[in-house]
Amino acid sequence: MLTIAGIAAQLTELMLAVLLAPLFTGWVNMCRAWMQNKSAPPLLTPYRVLLKLFNKEPVLAQNASPLFRITPYIIFGCMCLAAAIVPTLDINLPFNAAADAIALVGLFALARVFMSLAAMDIGTAFGTLGARREMMIGFLAEPALLMVLFTASLISGSTSLSSIVGQLGRMELMIYPSLAFAGVAFTMVSLAENARIPVDNPATHLELTMIHEAMLLEYSGRHLALMEWAASLKLFAYSCIGIALFVPFGIADGGNWLGILISLPVLAVKLAAGGFLLALIESVSAKMRIFRAPEFLGTAFLLAVLAMLIHFLLES
Amino acid sequence: MEIFFVLGTPLIGGALLALWGHRGLAAELNLLMSTLTFIAAAVLTARVISDGPMITPDHQFFVDSLNVFLVALTAFVAMTTAIFSRPYMRIEQAHGRLTETRLRLYHSMYQLFTFTMLLVLLTNNMGILWVALEAATLTTVLLVSLYRTPASLEAAWKYFILCGVGIAQALFGTILLYIASERVLGAGGEALLWTRLQEVSGSLEPTVVSLAFVFLIVGYGTKVGLAPLHNWLPDAHAEGPTPVSAVLSGLLLNVGLYALVRCKVLVDGTLHSHFAGNLMMGFGLLSVVVAAFFLARQRDVKRLFAYSSIEHMGLITFAFGMGGPVASFAGLLHMTVHSLTKSAIFFTVGHAAQKAGTQVIDEIRGLISINPTVGWGLLIGTMAILGLPPFGVFASEFLMLTTAMREQPWATPILLISLGVAFAAVFAKVQPMVFGDSRGEISLKRLPFAPAQIPVFVHLAIVLMLGLYIPPHLADWYRQAAKLIG
Amino acid sequence: MALSLPSQFINLLAAMMLLIAFAMLSQRRVLTLINLFALQGLTLTLSTLLVAWATSQPHLYWSALITFLLKVLLLPWILHRLVRKLNVKWDIETLINIPMTMIVGIVLVILAFNLALPISALAGTITRSTLGIALAIVLLAFLMMITRSKAIPQVIGFLAMENGLFFAATSATYGMPMVVELGIALDVLVGMVILGVFFFQIREHFDSLDIRHLEKLKED
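Residue numbers (numbering that gives the first Met the number 0), protein chains in the order written: chain A, 0 to 315; chain F, 0 to 485; chain U, 0 to 219.
Treat the hints loosely; a few may be bogus.
[Said to hold, decoys possible] Have a look at the derived ranges for each label pair, beta carbon to beta carbon: (1) Ser148/U <-> Thr98/F: 27 to 35 Å; (2) Gly185/F <-> Pro117/U: 19 to 27 Å; (3) Ala108/A <-> Lys84/U: 50 to 58 Å; (4) Arg211/U <-> Ile48/F: 50 to 58 Å; (5) Phe292/F <-> Lys84/U: 57 to 65 Å; (6) Ser3/U <-> Met135/A: 53 to 61 Å; (7) Ser148/U <-> Gly7/F: 53 to 61 Å.
[To be verified] Sample of chain A residues with no beta-carbon within 12 Å of chain U, all distances over it, derived: (8) Lys51; (9) Asn54; (10) Leu145; (11) Glu294; (12) Phe300; (13) Leu302; (14) Ala306.
Bear in mind the hints are in silico, worked out from the structure with no lab data behind them. Ideal Cβ placement from N, Cα and C applies to all residues, glycine included.
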């Protein structure tokens, strides 16, 4: 549906995603601080950080290649595209048809490859270490994520995210054990993919444990800002995938503006709840040793496969 | 009514001996209860001879041509084993291997074990059959671990775990059977009654029944000691007290096989194909081959004869798998003669091992000069079990092999070679035990009580008789049962 | 597609039981294992109750009661006592290669589902589709018994297998006849008591509950 209105709606959705992503990160940080009985940073802190970084001049290592400089833009672009593909407000937008769930996983993988290449580009030990760990986690998390998406596709009969959401949203209310399993698996994968607590700690710079931060050590200025923004966008995109798959109610169908207007507060409520849940998980669990991460993700994969098998047995 | 006497006597015996079993006359009480059970079984048999098959009014227990002779056989061997066990266990106690508390456990469990086996044989309910067979496993676990030595604990543990897993598969098979029958007979107790199942077996769902049989043959096959699930059997036989080895080999394996045959009859009625038979032939043949080649490597005399039991159970399973009146007749005859012969052999082996103070074959030499009755008993028993004419084992093996040549010619050479290997292995090991040079380093223990050798020769005499002449009543039963098995 | 509400809940409980079976397969601690076993028993009780209520089968209430008393209260209590008395509370199994076990487990689940498909198509119960899960639980417990080297986990595997079998009976046929269920329960209980005695004997003779010590009896 490539009409002017459609494109306008798509652009609105994208802009909203890009602008709201740091807010979501801020909300998660705030919730976490509350739960840990700390005084919370203001909700808008992530914006201030981004602004500060954009005003600073980037410092590059002498041996940095063009790849190192171009990577922040590629990653930011990837995440924007991902956020556009995921149906957040409306399921009938032009970009939704551009790529299905599998392409979405591929998009995340592309960003990951560039990130790892850039991290190894300078040649410092930390960058390489982070890249290696990131690849290990990615290689375990991707199959699990695919399995989760396949389970949803099997239930709704399509791999396109927008038709999955449409189907799931329209179906009569009943208990899907497979979706429950897939939901748990998806949560575990998201924690690993977004460098969240049981797997990685976004607030640490301790060399033994860091994964994501290790890859960003050499970045500064606007490059770093783009990378941080991309990370927020990724978290936002993942949350929206989760919402789309497991609580798909209230997402507008067919690009009229009224529907989008209604679905906006619904999305806000869902995101707020999701962020709270994420902060809760992070607060109650302890960071595990990096060697346990394969086991953690293996469990996620197992759950996702079980979800698929159970769907075949109980729901077909 | 007789059925309840047959079942009640060992049950009461078990309870009495649990209270009384450590006192002076416990062995005599054990013998008395076993004799009473045998008398009840004999009366039951006489009733069946005169009145034909019977079933209790509530349909929970029944006697037909297939189980009546097994009931008689079980009660008889349980009685003779009780005779043998009296001096044997006293000698063990005198040698300091057992305490009085252990003896109480032994006597009580011996009676309960007899009870569970008779319950398996007499019940009409496939569910109760499973429960009773599991209970038989539990009682024998306690019997096998009686000495509480590391080796006996290990054997009992293996026995429990392996048979527990196996019999759980059988329960799943029984559940599947119930699924199939419930659709025809409706829910409730009726749907697991064997007699009702047999009536409607033609209208059961074939897919479910064939899947059920796969689980049942794995489950009950573990109990029979069919390869590749036979691992528990040699250990349990070697480490338990010898009377227990005798009843394990002579009776429990038969009872497991009985359960399997009952299932086969149902499956054949449903499928009208040779599916069950083929499976049984496969497992049977594999057991014969595996056992024959393991025989040559044994150094413990009780393990040797345990493997021989696996071999014979394989043969019988193969015979029932072939089916047809002659093969089934041979299978039933073989069940009888194997049970009698093998328990007789264990009786002699037990006393030989007590005399030599060890079960290692190389250290038992020259029995014929040390103790001529034991020596001759072992020699004749071995000749009988190896299938030398004129013993009954020869007759049944001959029938099996000739049927196999006609119906399954491909299997005959395998069977013949295995039997040959088994013959060579067992004979080469038993011959020096009987005739070897007993002088030298072998130290003999004095037996404080005279061993009871009458059961050995009674058993062997019956086996000899069955080789030469089968009483018409018995032949009649065999024929009827063979017709039932198909 | 439109399933009734009770049968949806039964499906959910079935899925839970399968999940617990996997959790038991990967669990290293003895105490957690016992708790998981009790949880599985509780799930089984709930699903039996639901089936009883949804189909008005009074005898299933008794079956649920037996399950509850035996699998949720009595057996875990005996196991806890044993663990305390044997002082193996912190016994941690050195399981090698959990992922490999998990993959084998998944293969077993697929196998079980395929085996059960033709049967569940025939069964007329509201719970028929859970038969495959029941078979999967049996096979997973079997796998657990094979891969464990300590005595207590092996026994828990054995008991979990019994859970799966009970579940199969309830889901496919609304339970076996009462007399059979009572017999099975009695066997399980007696077996557990015997094993309890066994644990002490094994520990006394081998100084550990590690079954790997029990390897003397084999063919030379």
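Taking the hints in turn, this is what the structure says about them:
1. At roughly 32 Å, the beta carbons of Ser148/U and Thr98/F sit within the given window of 27 to 35 Å.
2. Checked against the given bound of 19 to 27 Å, the beta carbons of Gly185/F and Pro117/U, roughly 22 Å apart, stay inside it.
3. One distance hint, 50 to 58 Å for the beta-carbon pair Ala108/A and Lys84/U, holds here, with the actual separation near 54 Å.
4. At about 55 Å, the CB distance of Arg211/U to Ile48/F agrees with the hint of 50 to 58 Å.
5. At about 45 Å, the CB distance of Phe292/F to Lys84/U disagrees with the hint of 57 to 65 Å.
6. Checked against the hint of 53 to 61 Å, the C-beta distance between Ser3/U and Met135/A comes to roughly 46 Å, which is inconsistent with it.
7. Remark: the range hint 53 to 61 Å for Ser148/U to Gly7/F is contradicted by a beta-carbon distance near 44 Å.
8. Against chain U, the non-interface label of Lys51/A holds: every CB pair exceeds 12 Å, the least being about 44 Å.
9. Distance to chain U confirms Asn54/A as a non-interface residue, since its nearest Cβ pair spans about 48 Å, more than 12 Å.
10. Taking the minimum C-beta to C-beta distance to chain U, about 15 Å, the non-interface status of Leu145/A holds against the 12 Å cut.
11. Distance check on Glu294/A: its Cβ comes as close as 6 Å (rounded) to a Cβ of chain U, failing to clear the 12 Å threshold; non-interface status is violated.
12. Listed as outside the interface, Phe300/A is inconsistent with that label: its C-beta sits roughly 8 Å from the nearest C-beta of chain U, within the 12 Å cut-off.
13. Once the 12 Å rule is applied to beta carbons, Leu302/A is inconsistent with being away from chain U; the minimum gap is 8 Å.
14. Distance to chain U contradicts Ala306/A as a non-interface residue, since its nearest Cβ pair spans about 9 Å, not more than 12 Å.
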